[in-house]
Amino acid sequence: MRVCGKCRVVFLVVLVAFLALLAAPATAEDFNWKKYAGATVKVLFVQHSVSEAIVSKFAEFEAATGIKVDYSITPEANYFDKVATSLSSRTGDPDLFMSGAYQLWDYSSAGFVEDLSAFINDKNKVVPDYDFGDIVKSAADALKWDGVPGHAVGTGPQLGLPLAFEIYSIAYNKRAFEKAGIKVPQTFDELLAACDKLKEWNGQGSYALAIRGARDWGTIHPGYMSTFANFGAVDFAVEGNRLVSKVNSPEAVKMTEFWVDVIKRGGSPSWSRYTWYEAGADLGAGKAAMLFDADNNGVQQNWEGASQEAGNIAWALMPVAKVGDTPHSNYWTWSMAMNSASKNKDAAWYFLMYFTSKGFAEYASVEKNSVDPARTSVWNSEGFGKKMAKQEGYIDTYNKTINSTTILFTPQPYFFETTTEWAATLQDIVAGKYKSVQEGMDSLKVKMDKALEDVEIK
Amino acid sequence: MDNEQKTNVSSQSKNTALDLLGTFGRNLGLTLYALFALFPLVWMIICSLKLDSEMYNTVFVFSPTLDNYKAVLLGTDYFKAFFQNLIVAGGAVILTIVAGVPAAYALARYDFKKKEDLAFQILSFKFAPEILVILPIFTIFQRIGLYDTYFGLIWVYQLITMPLVIWVVRGYFEEISVEIEQAAQLDGYRWFDIFFDILVPLIKPGLVASALLAFIFAWNSFTFPLVLSGFKIQTMTITSLRYIASDTVHYGQVAVASLVAVSPEIIACLFIQKHLVRGLSFGAVKG
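Protein chains in written order, with the numbering used here: chain E, 1 to 458; chain S, 1 to 287.
Just chain E, same shape as in the assembly (with noise of 0.2 Å):
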């Protein structure tokens, strides 16, 4: 009998894939977790409770992979120029970092982040009870670019895997809105009249509304850019083969307005040096009565005993423009991104895996202090609704928003130059440089504009 070629070669392909099915583990008990032991996997990881909740289960993940684990945390002010210049020397150290999405997109126009779909796909490597359809899904995919500037996550290689994020919200001071007796503001209207009547609400130097101001990145990308998409405004459009900022569109401008309005009426006199930790400080202090920025910062300051008003701090969806709408938030992740240039990526990928488990999400997040868990099973678990059980309001605003959370920047290599003048100009506008928000959002445009020329789309 003669056999055709065609039929041998689809013979061999379908042994080959029964082979690759009978030696996939069929229960995590037969998973070999020992496979890469003896190898070492170099880690960096920035200074957050997440990482300190991995760094204490290091002894663990040792005994259980024979994997050795050589790391570093750095505070995140430097982190990532140490990232930088770790991966752009191409040698492979170290195998692992801790990464924001918005630094993959610029880390992964340079070829130095390894797409994990490969390891995910691959049922030989992959522990059966992973459940990779548990981890938060916008998380996830906020981690996915294609890196084509313009094109939004959620479709691509999968460049990270979250560990925690952030979305949005209001956090307030209860006791604040009792004195005032006013409810908490659900519109841009109610914030506004919120803000004067909460001006001074605890004595002098008090305020309404701790918001971001600093001249950086990081003032545009929780409550400002969250209200920017809320007003329908978008800050790129594709027009033929270039990005073209939109920040000087109509929506934009409205929103800006507000904004300087918001800043003006009730945001704290020192507003332009402020980052999230004077934010989230004056809310603890008792100075703030609101705190529009990551729904963690106010946890930080609610645990028992950790700031003043500790006890009295509870969660609000962010205002939007009428009652009942949905509110868009921007997302923040801390996600793990391998080095594409590593030596030890197999035993790297177990790294990831069992620090992305659904055991240690639930570990990190109840036993430890990493709250916004990337595992929907921990959000609902009865151990995780225990432990925030009086952070009020915490998790059903995360319920009511998290559908509709997602990056809301346009993915594109200068996203920080781009970003940090956007902060900039915002300061300038407050400051009065110019003659009217229109004329600053025009600036601005121009100059987002011109960072952009090199990028074309194809």
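Be a bit skeptical, because a hint or two may be false.
[As the list claims (entries may be wrong)] DMTMM-like, lysine to aspartate or glutamate: derived pairs with alpha carbons at most 20 Å apart:
hint, chain 1, residue 1, chain 2, residue 2
1, S, Lys80, E, Glu304
2, E, Lys322, E, Glu257
3, S, Lys232, E, Glu439
4, S, Lys232, E, Glu257
5, S, Lys80, E, Asp70
6, E, Lys358, E, Glu52
7, E, Lys368, E, Glu52
8, S, Lys70, E, Glu52
9, S, Lys232, S, Asp77
10, E, Lys57, S, Asp77
11, S, Lys232, E, Asp81
12, E, Lys254, E, Glu453
13, E, Lys199, E, Asp189
14, E, Lys68, E, Glu439
15, S, Lys232, E, Glu62
16, E, Lys390, E, Glu304
[As the list claims (entries may be wrong)] Estimated spans, in silico, between C-beta atoms of each pair:
hint, chain 1, residue 1, chain 2, residue 2, range
17, E, Gly205, S, Thr65, 24 to 32 Å
18, S, Leu66, E, Ala389, 48 to 56 Å
19, E, Glu367, S, Ile46, 28 to 36 Å
Hints were generated in silico from the structure; no laboratory data involved. Built from N, CA and C at the ideal position, the CB exists for glycine as well.
Put chain S on the given structure of chain E with help from the hints.
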């Protein structure tokens, strides 16, 4: 007592009163300045004794606690970073003195081609922004195995410490008359004896002052240890910022870490205070 005597007594007592007033004014001024100069240190001590919940709403009246000290000194590996910093900064200064003092002597005493160019080349290392040279150094260190090692850091710290010591000590050598060396040679001293027994004691104020400053620069170095180490070695400058995390800040712990970090510098300054002003004002302007 006649009128003249009376006038003298009254003018003397006036002078004494003026002297007293002058002394009082001077002391008051110096006390106020000392309070002003030491206030940051006092403020750090105050912050280090406060709980997070009292950090923003109290100034001088609060319930003092040692919790921050316990958290930093017992709860983390801060002492490890302290000793690693001591090894790296101390090692860098020792290497600088061993290599830099003979280099300074050569630049002061010998005439050779391109001497001034070489001296300025050494000085230029001090002014080169660290971030500018860090990437090639990082790559080279990775390749030759010096990344994350004590020797690697001690070596690269020479960019910070060496120019300072060479330029200050060179000025001192130039101040010393060459006839002293020649006289000693005539008396039968060998070159090494002249160098160590006669010249080194003469340059001591400058050497001590510049070595102390070099130590402070090395101790405070941030960019080099940030990029060139981290897994096995992490210096205090990096570790001190650990208490400012991405999701929470413990200012009390930052204050403790900063107090421990500045203590070697303060102690060293107190010990060699007498050399410091004279040393720098003497040698630094020569050359």
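Hint check results:
A distance of roughly 31 Å separates the Cα atoms of S:Lys80 and E:Glu304; the hinted pair therefore is violated under the 20 Å criterion. Restraint check: the Cα-Cα separation between E:Lys322 and E:Glu257 comes to about 18 Å, which is no more than 20 Å; the hinted pair holds. Our distance criterion of 20 Å between C-alpha atoms is broken by S:Lys232 and E:Glu439, whose separation comes to about 52 Å. Between the alpha carbons of S:Lys232 and E:Glu257 the distance comes to roughly 51 Å, so the proposed pair goes past 20 Å and is violated.
The hinted pair formed by S:Lys80 and E:Asp70 meets the criterion: a straight-line CA distance of about 16 Å does not exceed 20 Å. With a CA separation close to 17 Å, the supplied pair E:Lys358 and E:Glu52 stays within the 20 Å bound. Of the pairs offered as hints, the one joining E:Lys368 and E:Glu52 holds, with about 8 Å between alpha carbons and a cut-off of 20 Å not exceeded. Restraint check for S:Lys70 and E:Glu52: satisfied, since their Cα atoms lie roughly 18 Å apart, inside the 20 Å limit.
Annotation: proposed proximity of S:Lys232 to S:Asp77 holds, straight-line Cα distance about 12 Å (limit 20 Å). Proximity of E:Lys57 to S:Asp77 is assessed by CA-CA distance (about 17 Å); at most 20 Å being required, the pair is judged to hold. The hinted pair formed by S:Lys232 and E:Asp81 meets the criterion: a straight-line CA distance of about 19 Å does not exceed 20 Å. For the proposed pair E:Lys254 and E:Glu453, the alpha carbon gap of about 26 Å is over 20 Å, so the pair is violated.
Simply put, E:Lys199 and E:Asp189 have alpha-carbon atoms about 16 Å apart, close enough for the 20 Å limit, and the pair holds. Proposed proximity of E:Lys68 and E:Glu439 is contradicted: the alpha carbons are some 57 Å apart, above 20 Å. Annotation: proposed proximity of S:Lys232 to E:Glu62 holds, straight-line Cα distance about 17 Å (limit 20 Å). A C-alpha spacing of about 9 Å is found between E:Lys390 and E:Glu304, which places the hinted pair at or below 20 Å, so the restraint holds.
About 25 Å separates the C-beta atoms of E:Gly205 and S:Thr65, a value consistent with the hinted range of 24 to 32 Å. In this structure the supplied range 48 to 56 Å is violated for S:Leu66 paired with E:Ala389, their Cβ-Cβ distance being about 31 Å. Evaluation of the 28 to 36 Å hint for E:Glu367 and S:Ile46 yields a pass: the beta carbon distance comes to about 34 Å.
Comparing the model with each numbered hint stated earlier shows that hints 1, 3, 4, 12, 14 and 18 do not hold.
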